[in-house]
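A.B. asks: Sequence:
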Amino acid sequence: MNAQATQAAPSRRLGRTLLAIGVGLLINFVVALGLDQLFHELDVYPPWGEPMNEPGDNALALSYRVVIAVVSCYVAGRLAPWAPMRHAMILGGIGFVLSSLGAVAAANMDLGPLWYPIALVAVTLPCAWVGGVLARRAVDSGERS
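Just so we're aligned, residue 566 is where the sequence shown starts under the numbering used here, counting upward by one.
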């Protein structure tokens, strides 16, 4: 291979990086909000805007958000042009910041128990790490997206 073939154009790599992280964010938001809406419509959760005080409701939301976070970070890692773990952790860092802002906002509102937004903050980076490990293993085993 020549030097041109071994070096990806920086702007193309940046574009693929932004795409990978953007798709991961989109998956996270769309799937989480879709499941939230489904559970509101099925009357599992109270109507939007009302406090969600049942611990079981919050545990359910936390459980599917953990799975969604792992999957979205895995997808970001798989779509990444290089360094799948780094891309998964960047997405996790964005999630950590957004979850932290949500926890601060929730402290000033009566939307339910405070442990739930704090738990979201606590699980964000470990979920990103798991998604990154899975993406790196898939890439290392020769599977390409």
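Think of the hints as simulated: they come from the structure by calculation, not from any bench.
C-beta: ideal position from N, C-alpha, C; glycine also.
Keep in mind that a hint or two might mislead.
Claimed, not checked - Derived DEER-like restraints, expressed as beta-carbon distance ranges:
| id | residue 1 | residue 2 | range |
| --- | --- | --- | --- |
| 1 | L676 | V595 | 19 to 27 Å |
| 2 | M674 | R577 | 20 to 28 Å |
| 3 | R581 | E615 | 37 to 45 Å |
A.B. asks: Are the hints correct? Go through all of them and say.
C.D. replies: Hints, one by one, checked against the model:
Distance hint check: the CB atoms of L676 and V595 are about 21 Å apart, consistent with the given range 19 to 27 Å. For the hinted restraint 20 to 28 Å between M674 and R577, the CB-CB distance of approximately 43 Å leaves it violated. Separated by about 42 Å at the C-beta atoms, R581 and E615 satisfy the suggested range of 37 to 45 Å.
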